[in-house]
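Peer 1: Listed below are the residues making up each chain.
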Amino acid sequence: MRPLITLITDFGLREYFVGAMKGAILSVNPDTDIVDVTHDVRSHDIPEAAFTLRCAYSFFPPRTIHVVVVDPGVGSARRALIVSAAGHYFVGPDNGVFSLIYQSETVERVISITAEHYFRRPVSDTFHGRDIFGPVAAWIGSGIEIGKFGEAISDYVKLTIPKLVRDAAGVVRGVVLHIDRFGNLITSISAAELAGIGKARKFSVAGKEIHRIVRSYSDGLPAEPFALVGSAGFFEIAAQQSSAATLLQAQQGNEVLVYLE
Amino acid sequence: MRPLITLITDFGLREYFVGAMKGAILSVNPDTDIVDVTHDVRSHDIPEAAFTLRCAYSFFPPRTIHVVVVDPGVGSARRALIVSAAGHYFVGPDNGVFSLIYQSETVERVISITAEHYFRRPVSDTFHGRDIFGPVAAWIGSGIEIGKFGEAISDYVKLTIPKLVRDAAGVVRGVVLHIDRFGNLITSISAAELAGIGKARKFSVAGKEIHRIVRSYSDGLPAEPFALVGSAGFFEIAAQQSSAATLLQAQQGNEVLVYLE
Amino acid sequence: MRPLITLITDFGLREYFVGAMKGAILSVNPDTDIVDVTHDVRSHDIPEAAFTLRCAYSFFPPRTIHVVVVDPGVGSARRALIVSAAGHYFVGPDNGVFSLIYQSETVERVISITAEHYFRRPVSDTFHGRDIFGPVAAWIGSGIEIGKFGEAISDYVKLTIPKLVRDAAGVVRGVVLHIDRFGNLITSISAAELAGIGKARKFSVAGKEIHRIVRSYSDGLPAEPFALVGSAGFFEIAAQQSSAATLLQAQQGNEVLVYLE
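First to last, the sequence lines map onto chains A, B and C. Here the first sequence stands for residues 2 to 262, where the numbers follow the numbering used here. Here the second sequence stands for residues 2 to 262, where the numbers follow the numbering used here. Here the third sequence stands for residues 2 to 262, where the numbers follow the numbering used here.
Hints listed in this document are in silico derivations from the structure and should not be mistaken for laboratory results. Some hints could be false.
What follows is a set of in silico ranges between Cβ atoms, one per label pair, in the way DEER data are often shown [as the list claims (entries may be wrong)]:
(1) C:T247 x A:I162: 30 to 38 Å
(2) B:T107 x C:I145: 33 to 41 Å
(3) A:E152 x B:Q253: 56 to 64 Å
(4) B:I162 x A:A192: 37 to 45 Å
(5) B:S77 x C:K159: 42 to 50 Å
(6) C:S77 x A:V124: 42 to 50 Å
Ideal placement from N, C-alpha and C gives every residue a C-beta, glycine not left out.
Please model the entire structure based on the sequences and the hints provided.
Peer 2: Here it is in structure tokens:
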């Protein structure tokens with residue numbers, strides 16, 4: 002079986018960056034399958050990269066190697082990591098991009114990458130995706146044990162992710178994490194986490210209330226926004242064949258209120 | 002030989018959707034080659050998906066599995082299909098995306114997918130690309146006979162595609178299906194179909210006449226729009242190294258008139 | 002080992018073009034790995050395609066076949082080429098897209114492709130990526146010796162690339178080749194070439210001076226643009242976590258001055 006590497010970056014698709022990184026991977030091991038998750042993370046947006054990884058990784062086969070390069074600190078002293086968790090590997094900078102993996106999975110090991118003989122030479126100060134993360138991922142795929150790349154550490158960078166809390170009025174608060182291309186508002190409200198607190202009665206976002214809670218997009222009514230659990234397990238606000246973002250004049254970062262029964 | 006799956010969706014490239022769907026395919030059979038045709042079909046635009054499939058599928062090797070997920074009815078009672086035609090397989094929702102295959106090829110079998118043990122579990126109500134269409138395509142690639150997925154049906158959904166007709170004045174009417182990134186106007190006028198009716202003398206679109214009919218883009222004159230048969234077999238209106246759409250102030254949906262000799 | 006083909010085009014990702022070209026490649030040899038470098042070269046921008054190829058090709062393994070289709074002259078008498086250089090193959094139109102390969106590498110052979118039995122049939126007048134360049138690349142990957150495709154030539158088209166020159170005032174002139182998605186200004190000033198002339202003291206672009214020259218993006222100060230050597234070996238003007246293009250109101254094509262010590 003060929004090793005499988007996935008890529009999440011903020012490189013965009015117009016430049017030569019993604020191509021060069023794939024070339025560096027294939028130069029280590031030409032027998033690698035590479036899958037793009039996305040290269041359109043907003044520039045330097047570490048939380049968005051963490052969310053994308055969280056939504057995607059578990060659908061890949063065991064032993065997949067997920068490389069995340071959203072790396073505003075490239076060339077600084079920030080560390081480079083290999084994370085082993087949930088039967089997968091994760092490779093990228095120590096800047097919080099793996100926070101949602103740390104939160105949702107049992108972490109087996111986190112290695113701080115120092116073994117420079119696995120890097121592409123010379124190592125640039127501006128493009129570690131090509132010179133470090135890509136080649137290291139390819140070597141893992143070739144069977145190098147991750148302990149060979151450096152020492153295990155435990156003080157890796159974690160973004161603070163607030164837990165859902167029910168206030169005195171029976172309200173849980175979250176935010177619009179992301180607006181997708183259909184205009185759906187993806188919220189930070191995990192359906193599994195909310196289930197441990199209570200049952201949603203209605204939502205409110207951008208000053209408008211959403212009373213309809215359904216199972217699938219096709220259960221909605223045209224021009225009436227509704228809430229449902231999206232495919233990544235988070236509540237989202239959607240509208241049938243139209244944009245909820247436009248209907249509600251909502252934006253990324255807006256507060257989302259859930260009124261519980 | 003590794004099985005080959007192509008993808009046409011309206012998921013866009015920014016979200017985790019395409020990655021998760023590929024992960025679901027590779028979790029069934031990691032030894033699959035996956036080719037993106039496009040993920041930028043306009044949201045919910047079934048005719049555009051049908052046209053893209055019609056232009057692309059025949060260039061792939063026999064036994065390729067083409068997955069089309071433009072699926073505004075996801076989670077509703079709309080059926081899920083496998084179509085066998087022209088030595089290829091087609092997998093997607095029963096909403097008309099395969100209409101141009103039904104029109105141009107001899108259809109061998111259309112299966113309504115019901116065998117849930119081939120689905121990814123749990124099946125979400127919002128993302129059948131990941132949970133149904135991708136895994137089913139991967140199982141077909143692994144050699145499962147398509148009759149195993151459900152019963153053959155004949156009442157599948159077909160979009161109405163008008164035939165070209167010559168009117169009393171010797172004029173044939175079509176529309177601008179699509180404007181490509183070069184500004185070329187792709188029309189609904191099939192060159193093969195028109196050849197059975199007559200020979201084009203001039204075109205008219207957006208109130209402007211096009212008198213020049215050429216073989217290749219380089220035969221045109223700068224700033225003078227011309228007509229030619231595009232690479233998918235449809236007439237298009239183009240301009241040399243500039244945008245015909247801008248020159249003619251034309252838009253998708255504009256009527257196109259062909260004046261016959 | 003599976004043959005490896007990379008693609009650089011101006012086809013965009015919305016149309017069926019890239020998919021059809023990959024299908025044509027895989028119809029010749031389904032056992033081919035295909036890597037997209039980019040399909041978002043500006044329409045018909047031959048210098049941008051040449052620059053992208055120059056930045057990407059050397060990171061791929063030996064014997065990789067790089068296909069470049071930015072081809073405003075498709076259907077005209079312009080020749081189709083195979084270039085053998087630096088242990089790689091390059092396939093595309095004879096319009097200058099390989100100029101930076103000719104400049105930086107020892108060219109072993111340039112073949113003018115004429116052996117039509119390697120083309121896809123029928124050959125359209127508008128889409129040689131699918132009908133000629135893709136299939137020829139796939140046949141090279143299948144082991145056909147490049148001399149079988151046509152005669153060696155030496156009068157291939159080369160774009161003029163000015164050498165860096167130090168003027169009487171100790172100034173070297175270049176241009177902004179490209180603005181990347183982070184707002185970095187990629188200049189035409191090769192660090193290796195400049196090293197043979199002198200050492201940079203400050204830069205000037207769009208009437209503003211840049212005094213800070215650093216090694217990595219993280220060495221910069223916020224809101225103060227700085228110069229550094231980018232990952233492709235060219236000087237670029239950047240700003241820490243913000244857009245140098247916006248800060249300097251700079252555009253592609255602006256003159257860049259380097260003041261030497």
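Peer 1: What hint numbers does the structure not satisfy?
Peer 2: 5
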